[in-house]
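Colleague: Sequence:
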Amino acid sequence: MNYNIIEKDNKITIENIKDFEPKHVFECGQAFRWYMEEDGSYTTIHHGRVLNVKKEREDLILSNTNGSEFQNIWYNYFDLDTDYGEIKRELSKDPILEEAIKFGEGIRILNQEPFETIISFIISANNQIPRIKKSIELISQNYGKPIDIYNGKEYFSFPNAEILANIDEKELEEKNKVGYRAKYIVSTAKMINEKEIDIHQIPNLSTKEAKEILMKLPGVGPKVSDCVLLFAFNKNDAFPVDVWVKRVMEYFYLKKDTKLKDISTYSYEKFGDLAGFAQQYLFYYAREKGIGRKK
DNA sequence: GTCCAGGCTTTCC
DNA sequence: GGAAAGCCTGGA
9 MNYNIIEKDN KITIENIKDF EPKHVFECGQ AFRWYMEEDG SYTTIHHGRV
59 LNVKKEREDL ILSNTNGSEF QNIWYNYFDL DTDYGEIKRE LSKDPILEEA
109 IKFGEGIRIL NQEPFETIIS FIISANNQIP RIKKSIELIS QNYGKPIDIY
159 NGKEYFSFPN AEILANIDEK ELEEKNKVGY RAKYIVSTAK MINEKEIDIH
209 QIPNLSTKEA KEILMKLPGV GPKVSDCVLL FAFNKNDAFP VDVWVKRVME
259 YFYLKKDTKL KDISTYSYEK FGDLAGFAQQ YLFYYAREKG IGRKK
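Following this note's numbering, the numbering of the first sequence begins with 9 at its first residue and continues without gaps.
Keep in mind that the hints are not guaranteed to be accurate.
Computed cross-link-like contacts, DSBU-like style, restricted to lysine-lysine with a CA-CA straight-line distance of at most 35 Å [stated by the list, open to error]:
no., residue 1, residue 2
1, Lys185, Lys142
2, Lys31, Lys269
3, Lys198, Lys141
4, Lys63, Lys141
5, Lys26, Lys183
6, Lys267, Lys297
7, Lys254, Lys31
Please keep in mind that the hints were generated in silico from the structure rather than gathered at the bench.
Working from the sequences, and respecting the hints, build out all of it.
Modeller: Written as C-alpha cells, this is what we have:
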C-alpha cells in the first residue's frame with residue numbers, strides 16, 4: 009500500500025488515509041489499552057512505545073513518534089499493508105455485512121503482542137470491557153516497567169511471561185481484580201515461560217494447528233484462542249464466537265440455540281479467509297446496536 | 001469420544 | 001438481580 013507520509017516535530021502525518029477510523033479501530037473490542045484523551049484523540053502503549061493517534065479531516069496524525077519507529081513498529085501494528093477497501097468490497101456482496109461495514113467502515117485488525125493478547129483475552133472470559141481494561145492497566149502498573157509520560161499520564165509496559173510466572177496467585181487476584189482467572193494467568197505464564205508451549209512457533213502453523221496448541225493453555229478455550237490468533241498472529245480466517253457474535257449470527261443467518269461450533273463452521277464456510285474481518289464488523293455492529301440483546 | 005449443567009470473581013446496567 | 005468478547009470440571 010502507498011501512503012503520503014510527512015514527518016515533522018515528533019509527528020507522522022499520513023495524508024488522505026482510507027479505511028482508518030480511530031473510534032472504530034480502538035473501540036471495537038480487539039484491544040484494551042487505548043485511552044481516549046479530552047481532544048478525542050487516543051493514546052496507547054505498545055512495544056515499549058507510547059503513541060497518540062488523531063484523525064483530522066482525512067489525515068491521520070501519529071504523535072510522540074518518528075519515521076523509523078513508524079516503519080519498524082506502527083506500520084505493521086496498524087496493518088497498513090492490508091487493503092481494507094478490497095476486503096470490504098468482497099464482504100459487502102453479503103447484504104448483512106454490507107450494512108455492518110457501513111456502520112464500522114473504519115475498522116482495522118491490529119497486530120498486537122502475543123503474550124499480552126493471550127493474558128488479556130483470558131481475563132476477558134465472562135467479563136465486561138471496562139473491568140477487563142482496568143485489570144490490564146493494574147497488572148501493567150503493578151508488574152510492568154514505566155515507559156513514558158504523555159499528556160500528564162504515566163504509561164507502563166505489560167509484564168512478560170517470566171514476571172507473571174513468578175507472582176503468587178492470591179496476590180494477582182487481590183491486587184488486580186481478575187477473580188478466579190488468576191490461576192489461569194499464572195499457569196499460562198509458566199507454561200509459556202518454560203517453553204512448554206512455544207508461542208514463537210505459531211506463525212509457522214496452520215490456523216487449526218495453532219489453535220490446538222493455544223488451547224492447551226489453561227483459561228484458553230475455543231473463543232479466546234480464536235481472538236489470540238486473529239489479533240496477535242494475523243490468522244485472518246479465525247472467527248471468535250462470543251455472546252454478541254452468537255446473537256448476531258443467529259439473528260441474521262441461523263436459528264436460535266445454534267451450537268457455538270456450528271456457528272464457527274458455518275461462518276468459515278461462508279466467509280473463508282476473510283472470516284476474521286467479517287467477525288469484527290459483525291461484532292462491532294451487534295454490540296453498538298444491541299442486536300438480539302434482552303431488554 | 002461428545003454434550004451439558006453448574007460454578008466461578010467482580011462490575012456494570 | 002441479571003449479564004458480562006467463557007473456561008473448567010464432573011457426570012451422563
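Colleague: It remains to establish, for every hint, whether it holds in the given structure.
Modeller: Hints versus structure:
| no. | hint | result |
| --- | --- | --- |
| 1 | Lys185 to Lys142 | holds (8 Å) |
| 2 | Lys31 to Lys269 | holds (31 Å) |
| 3 | Lys198 to Lys141 | holds (23 Å) |
| 4 | Lys63 to Lys141 | holds (23 Å) |
| 5 | Lys26 to Lys183 | violated (42 Å) |
| 6 | Lys267 to Lys297 | holds (23 Å) |
| 7 | Lys254 to Lys31 | holds (23 Å) |
Violated hints amount to a single one, hint 5; each of the other numbered hints is respected by the structure.
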